[in-house]
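**Q** Take a look at the letters that make up each chain.
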Amino acid sequence: MDTTKKTIIVFSGDLDKVMAAFIIANGAAAMGDDVTLFFTFWGLNALRKPENVATTKKSFLQWMFGKMMPRGADKLGISKMNFGGMGATMMKMVMKQQNVTSLPELIQTAKDQGIKMIACTMSMDVMGIREEELMDGLEYAGVATYLGEADEANVNLFI
Amino acid sequence: MDTTKKTIIVFSGDLDKVMAAFIIANGAAAMGDDVTLFFTFWGLNALRKPENVATTKKSFLQWMFGKMMPRGADKLGISKMNFGGMGATMMKMVMKQQNVTSLPELIQTAKDQGIKMIACTMSMDVMGIREEELMDGLEYAGVATYLGEADEANVNLFI
Amino acid sequence: MDTTKKTIIVFSGDLDKVMAAFIIANGAAAMGDDVTLFFTFWGLNALRKPENVATTKKSFLQWMFGKMMPRGADKLGISKMNFGGMGATMMKMVMKQQNVTSLPELIQTAKDQGIKMIACTMSMDVMGIREEELMDGLEYAGVATYLGEADEANVNLFI
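Chains as they are written, first to last, in the working numbering: chain U, 1 to 159; chain W, 1 to 159; chain D, 1 to 159.
If you are wondering where the hints come from, they were derived from the structure by calculation, not from laboratory data. These figures come from a predicted structure and were not determined experimentally. Heads up, some of the hints might be wrong.
Intra- or inter-copy, both count: the list cannot distinguish identical chains.
In silico DSS-like links for lysine-lysine, alpha-carbon gap of 27 angstroms or less [unchecked claim]:
hint	residue 1	residue 2
1	LYS57	LYS111
2	LYS75	LYS116
3	LYS58	LYS80
4	LYS111	LYS5
5	LYS49	LYS80
6	LYS92	LYS116
7	LYS57	LYS67
8	LYS75	LYS92
9	LYS67	LYS80
10	LYS111	LYS92
11	LYS58	LYS5
12	LYS5	LYS67
13	LYS96	LYS5
Using the sequences provided together with the hints, build the complete structure.
**A** As structure tokens, then:
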């Protein structure tokens with residue numbers, strides 16, 4: 001068993017929870033661990049490009065989900081006291097005051113450190129999210145791939 | 001250490017999260033792993049029978065909790081954008097369009113694959129849920145049993 | 001690998017989730033395991049002293065976060081059906097009826113059993129929570145310390 005691998009399922013699309021996932025992931029990578037992040041359901045929103053992207057045809061319901069969900073790391077709300085986004089804005093302001101790295105920067109660091117980021121293809125179908133709407137550098141796979149990675153890891157979290 | 005065992009604590013009663021738990025569990029079982037699901041707090045709602053069941057006496061508060069919580073896998077809401085159940089209905093419609101297995105089918109598959117499903121007895125007391133209100137084929141136990149299972153597993157998640 | 005160590009990240013500040021964390025932690029400690037709880041983000045609220053405490057200067061936003069978040073284990077809401085605190089009160093009443101240990105008692109038991117409780121210093125900066133506002137007997141550290149503990153454990157949960 002390889003004790004230097006970690007996996008995190010990023011299910012949540014809340015700013016605070018996604019940040020926690022990346023802080024743990026980047027910390028582990030900085031200590032020399034292999035890290036795999038598996039993005040599923042709302043977690044996919046953290047990977048969306050901020051701009052509206054032309055995609056292959058979606059069903060009406062998929063289109064509606066896509067419209068209603070936040071587009072990218074900068075648009076995520078927080079899991080408590082969000083108050084229509086005000087809470088998220090406040091939290092980002094405090095983070096800036098305290099010199100805490102922002103989520104977009106955390107994602108960039110994760111890429112720079114070679115953290116493997118996998119988007120769950122089944123969730124993409126359910127949420128109606130297409131590859132062209134997500135940031136570059138991702139892998140696309142399903143639960144079997146996640147389980148293979150988790151079997152090699154000594155810490156596996158669901159966030 | 002047995003590397004072919006997985007445990008998941010299903011704490012959440014949200015459709016999307018319970019689905020994620022069963023998709024991971026069924027995937028692991030299909031790959032030959034032993035899987036134990038431990039249902040606690042709101043997660044118990046996924047196991048409730050849809051019909052009103054006569055039970056041994058409950059306190060008024062237990063009765064009220066029971067009335068307010070969803071009865072069974074078909075009644076669960078989603079964790080975000082539920083809008084009084086409309087979000088859950090939308091998600092189920094998209095899943096049907098995309099030929100994604102529904103939660104009741106996922107639960108049946110879990111049973112067919114011999115996945116061990118344990119209902120947390122302490123949570124049942126707090127939520128006022130009786131054995132006769134839950135589906136057949138469950139085991140009933142507490143945290144010590146969960147810890148025993150987790151000690152034998154190489155992947156342990158809390159959902 | 002030490003099979004008798006467990007870690008839990010307590011990210012959530014919901015009464016039901018924090019209770020689940022302590023029930024698992026106390027159960028493991030009672031069975032002879034080493035247990036480390038790492039409190040981050042909303043989870044820190046469970047450790048706050050109930051009274052208003054004079055602290056070193058906070059920014060306006062930190063002060064506001066501090067004012068809005070619950071002060072201590074007795075003030076936490078529940079993650080579903082909280083209805084402005086009524087749900088939490090109801091759940092505490094049922095727990096009392098059923099002789100289920102309350103959260104403040106669970107925390108005391110955790111301390112008595114020597115469970116290591118670590119407050120995440122980065123989260124404290126973001127939430128504007130100072131050491132003098134938190135209960136005694138905590139350790140203060142960051143993600144690297146958590147990862148070191150998790151590497152020694154065989155069960156690692158994120159709640």
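**Q** None of the hints should be skipped; say for each whether it holds.
**A** Taking the hints in turn, this is what the structure says about them:
1. Proximity of LYS57 to LYS111 under the C-alpha cut-off of 27 angstroms is found in neither arrangement, the shortest distances being 30 angstroms within a copy and 37 angstroms between copies.
2. In the homo-oligomer, the alpha carbons of LYS75 and LYS116 lie at most 27 angstroms apart inside one protomer (23 angstroms), although the nearest pairing across protomers, at 36 angstroms, exceeds that limit.
3. For the homomeric pair LYS58 and LYS80, the shortest alpha-carbon distance between copies (21 angstroms) is at most 27 angstroms, but the shortest distance inside one copy (31 angstroms) is not.
4. In this assembly of identical chains, LYS111 and LYS5 lie within 27 angstroms of each other by CA distance solely inside one copy; the values are 16 angstroms within and 31 angstroms between copies.
5. Proximity of LYS49 and LYS80 under a CA criterion of 27 angstroms is satisfied in both settings, with 24 angstroms inside one chain copy and 20 angstroms between copies.
6. Taking identical chains as interchangeable, the C-alpha atoms of LYS92 and LYS116 lie at most 27 angstroms apart only when both belong to the same chain, with a minimum of 26 angstroms there against 30 angstroms between chains.
7. In the homo-oligomer, the alpha carbons of LYS57 and LYS67 lie at most 27 angstroms apart inside one protomer (14 angstroms), although the nearest pairing across protomers, at 42 angstroms, exceeds that limit.
8. Taking the shortest Cα distances, LYS75 and LYS92 sit within 27 angstroms of each other both inside one copy (11 angstroms) and across copies (26 angstroms).
9. In this assembly of identical chains, the alpha carbons of LYS67 and LYS80 lie at most 27 angstroms apart whether taken from the same copy (22 angstroms) or from different copies (14 angstroms).
10. With identical chains, the CA atoms of LYS111 and LYS92 are at most 27 angstroms apart within one copy only, with a shortest distance of 21 angstroms there and 34 angstroms across copies.
11. Proximity of LYS58 and LYS5 under a CA criterion of 27 angstroms is satisfied in neither setting, with 37 angstroms inside one chain copy and 38 angstroms between copies.
12. In this assembly of identical chains, LYS5 and LYS67 lie within 27 angstroms of each other by CA distance neither inside one copy nor across copies; the values are 36 angstroms within and 40 angstroms between.
13. Taking the closest pair of Cα atoms, LYS96 and LYS5 never come within 27 angstroms of each other, the shortest separation being 31 angstroms inside a single copy and 36 angstroms across copies.
In this structure, the earlier hints numbered 1, 11, 12, 13 are contradicted, and the remaining ones agree with it.
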